[in-house]
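There are 2 protein chains.
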Amino acid sequence: MEYLFEHITGFHVFDEKGNHKKTYNNKEEINYDNYNTNITEELYQKILLFLKKESYLKEMYIKNIYLTRKDIKKSVYEDNLIIQSIRIIDDLNKVINHIAKRLREWYELHNPEFSKTCPDNERFVKIIIDNNKKELLEKINIDYEVSMGCELKEEDITIIKILAKEIERLIELKDIQKEYIEKKMNNICPNLLSIAGPLIGAKLIEHAGSLKHLSELPGSTIQLLGAEKALFRHIKSGAKCPKYGVLLNHPYVRDSPEKRKGKSARILADKISIAVKVDYFKGEFIADYLKEQLEKKKKDIK
Amino acid sequence: MEYLFEHITGFHVFDEKGNHKKTYNNKEEINYDNYNTNITEELYQKILLFLKKESYLKEMYIKNIYLTRKDIKKSVYEDNLIIQSIRIIDDLNKVINHIAKRLREWYELHNPEFSKTCPDNERFVKIIIDNNKKELLEKINIDYEVSMGCELKEEDITIIKILAKEIERLIELKDIQKEYIEKKMNNICPNLLSIAGPLIGAKLIEHAGSLKHLSELPGSTIQLLGAEKALFRHIKSGAKCPKYGVLLNHPYVRDSPEKRKGKSARILADKISIAVKVDYFKGEFIADYLKEQLEKKKKDIK
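Taken in order, these protein sequences are the chains called A and B.
Taking my numbering, the leading residue of the first sequence gets 1, the next gets one more, and so forth.
Taking my numbering, the leading residue of the second sequence gets 1, the next gets one more, and so forth.
Mixed in with the good hints there might be a few duds.
Because identical chains share one entry, a pair is satisfied inside a single copy or across any pair of copies.
To be verified - Calculated lysine-lysine pairs in the BS3-like style (CA-CA distance at most 27 Å, straight line):
no.	residue 1	residue 2
1	LYS261	LYS297
2	LYS133	LYS63
3	LYS126	LYS174
4	LYS116	LYS70
5	LYS101	LYS174
6	LYS212	LYS126
7	LYS63	LYS263
8	LYS259	LYS229
9	LYS101	LYS139
10	LYS296	LYS22
11	LYS70	LYS133
12	LYS153	LYS134
13	LYS74	LYS183
14	LYS153	LYS73
15	LYS101	LYS165
16	LYS165	LYS126
17	LYS178	LYS133
18	LYS174	LYS161
19	LYS261	LYS299
20	LYS297	LYS183
21	LYS236	LYS153
22	LYS74	LYS161
These are computed hints drawn from the structure, not numbers from a lab.
Just so it is clear, the structure is predicted and the values come from calculations on it, not from any experiment.
Kindly produce the complete structure, drawing on both the sequences and the hints.
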């Protein structure tokens, strides 16, 4: 009876004394009935000595790299893409606010009165694209002649509007990213998507590092994801313990009375923790049931 | 003879005893030959008392606001617009780099090998829009199978390309802003534009606050504009005095040998100082002559 030894460099056949007989490269060619795969300790030592030959070492090195590359290739999952996308959304938010502030500063040379009445950046950008100064001043009942803004030439207004349109496109891009996240989450974590929504759900995955890791976290940790700074301050210097992190923006917590926000966050985090576990192990869609429970608990704590 | 007193509320006519006779609202209605405008100290006191009446005070208040508004309106000059535009360019540079880094991070999941070979962000963005992974790997002679990047679905690649196209548009917007600055500077400071170029010229105006203020600065101050931090460190703690600020990016300084950069900056700043003074007082176009001198001096210090 000959022995079959499976190795990174191929399938090697040895006799009972440890002499090398042949090598298969493909599993398919092997008739397993002809070989014994239970290798004794004694034989194992001999085989290792045989494989220590330089030619095999080199081959092993090459195949090892090949397999590692393949593993790295496979190590990117959909949750990595979700994390990238939510980071882009965060960046876009910052960028939009920053450039919109500049736009405002510029536009205020021309029409300071209107700018003051419209604090929301995204709305501001859309309105000044579609309306000229006269129309905007009429809306807020200010006489055109009274305005302290200077007259601008056509070319100046054009370049301001080009900038405003760019900001508008960045805002649209944010929506496109959000849709993308929703699509991805629908594939890999429909329960999390349904309970937490695309943005908060993606943020939780980002903070945990992966869907797998998020599924391993207890509710109490999920409750504080995104509040790491405050948590460590609490541990280090005894400041107040934070009650919520990312979850604060969830309507279930945000719309709670101030005193019950912590409690709501805890309940929500518990349900999210369940949802993610079910998602990770490809379970059923149970989000509707969990949501029902959330509503019930809300009434209870009131 | 009656006396005419010009005041913010109108043109008032008094007799020699200080009794008010009439008021003109328009300069055009007045026949100056009929009136004496040299008001004696004694009469002046009486007139002031008359104007202290409440009705005049109120009118004065309203007219004062009106005139102030008008002045504010007129206080925006073309150099304000240049300053806004150069600030936007600065912002865009930051934003483009920031988002491009994110794009890279995302794209590297798919094709890490190519990303490493192309350090320039703007080029990177353009190339990945036009080429797929296979084409890019061929360019750098890497086998597609060997790549460590994962396979992405069509939808994933689409969203990455949408982001890349957005960055491309931001890069274009920078060029549009640059053209705008050039156009503006051509109107108000052609000499500065010709010597310093649009970006450095605009940066100098920005640091000085206005073209007027820039025209009042000596060459030695212009030389250090943009190096304020280093300058104050020098004054406060005796660190090395900076030799150039914004001007470092000018080819005349940048392309000088390391040891002569300070000298080149000084010479360039001198000529710029002349150019701006000429521009501010609407002088001739002398930039070509100044540039000639710069070239001459370059040869002298070599």
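Identical-chain pair category, LYS174 with LYS161, by Cα at 27 Å = both (20 Å within a copy, 14 Å between copies)
Go through the copies and call it for LYS133 and LYS63: within, between, both or neither, with a Cα cutoff of 27 Å.
-> Classified as between: cross-chain Cα gap 24 Å, same-chain 69 Å, threshold 27 Å.
With 27 Å as the alpha-carbon cut-off, assign the pair LYS63 and LYS263 to within, between, both or neither.
-> neither (54 Å within a copy, 60 Å between copies)
Quick one: LYS236 to LYS153, C-alpha cut-off 27 Å, is that within a copy, between copies, both, or neither?
-> neither (59 Å within a copy, 45 Å between copies)
Evaluate LYS178 and LYS133 at a C-alpha cut-off of 27 Å and name the case that applies: within, between, both or neither.
-> This pair counts as between: shortest inter-copy Cα distance 25 Å, intra-copy 33 Å.
Pop the pair LYS153 and LYS134 into one bin, within, between, both or neither, using alpha-carbon distances up to 27 Å.
-> within (14 Å within a copy, 49 Å between copies)
Checking LYS70 and LYS133: alpha-carbon separation at most 27 Å within a copy, between copies, both or neither?
-> Between copies, since 17 Å is at most 27 Å while 60 Å is not.
Give the relationship of LYS296 and LYS22 under a CA distance limit of 27 Å: within one copy only, between copies only, both, or neither.
-> neither (69 Å within a copy, 82 Å between copies)
Is it within a copy, between copies, both, or neither that the alpha carbon of LYS101 lies no farther than 27 Å from that of LYS174?
-> both (18 Å within a copy, 17 Å between copies)
27 Å Cα cut-off: does LYS101 pair with LYS139 within a copy, between copies, both or neither?
-> within (22 Å within a copy, 42 Å between copies)
First find the shortest C-alpha distance between LYS74 and LYS161 inside one copy, then the shortest across copies, and answer within, between, both or neither for a cut-off of 27 Å.
-> between (46 Å within a copy, 22 Å between copies)
Intra/inter-copy verdict for LYS261 and LYS297 if alpha-carbon distance must be at most 27 Å | Result: close within a single copy only, 13 Å intra versus 72 Å inter.
Consistency note: the structure conflicts with the earlier hints numbered 6, 7, 10, 20 and 21.
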